[in-house]
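Each chain is listed here by its residues.
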Amino acid sequence: GAVVSQHPSWVICKSGTSVKIECRSLDFQATTMFWYRQFPKQSLMLMATSNEGSKATYEQGVEKDKFLINHASLTLSTLTVTSAHPEDSSFYICSAEGPNNQPQHFGDGTRLSIL
Amino acid sequence: QKEVEQNSGPLSVPEGAIASLNCTYSDRGSQSFFWYRQYSGKSPELIMSIYSNGDKEDGRFTAQLNKASQYVSLLIRDSQPSDSATYLCAVKPLVETSGSRLTFGEGTQLTVNP
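From first to last, the protein sequence lines stand for chains A and B.
Okay, so the first sequence: first residue is -6 according to my numbering, each after it adds one.
Okay, so the second sequence: first residue is 51 according to my numbering, each after it adds one.
Derived from the structure by calculation, the hints contain no laboratory data.
Here are the simulated lysine to aspartate or glutamate pairs, EDC-like style, with alpha carbons at most 16 Å apart:
#1 A:34 - B:156
#2 B:92 - A:101
#3 B:52 - B:77
#4 A:57 - A:81
#5 A:13 - A:58
#6 A:13 - A:81
Pulled a few chain B residues facing chain A out of the computed Cβ check, cut under 8 Å:
#7 82
#8 96
#9 99
#10 151
#11 156
#12 157
Cβ coordinates follow ideal geometry from the N, Cα and C atoms, glycine included.
Please model the complete structure; the sequences and the hints are all you need to start from.
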């Protein structure tokens, strides 16, 4: 089945640090990748949608200068949380979708803790 | 009205019983429907996808879709304690538009008691 790899699994760092999270589709070409954030006991919240080779589309209320997304190839998208602060601590999850209306498959998520 | 509504739960069933999870959606143009399972502290995992009216079976799981009623359900037969998780209903608006966002329900928390 479709596999999406996300790294790192967890990050603990100091306030003001920038953190990069990678999302890779291992056995299919992902025409579109999605980035979500989930706070404890809350629903998934879509942050942005990215298509290979084009700028990401951010959801309302998500700061694009704070959450930089790069989708340089059909198998790799990265999310960089710039100058992270404690309120950015959350569970970040990517998903990838192939062509022809294939379902989205999720990575294992990255638990980010900012001290 | 929420775009995708699920029974808020929690739903508790005994081991071996049938668990029934329900979902309704508001966008009549929706074409693709998915059920994801999310264990506590983990990311969602695709369980079933369904695109046309009727039933679709995969092992102990059966998805049912009724587009006229804008209703999709997931039945879990012979429920096991390992099925205890939150089940997310997700709806995609247009089958021709790969890349369009999924709309998720709030999820139904299922507990299967040994």
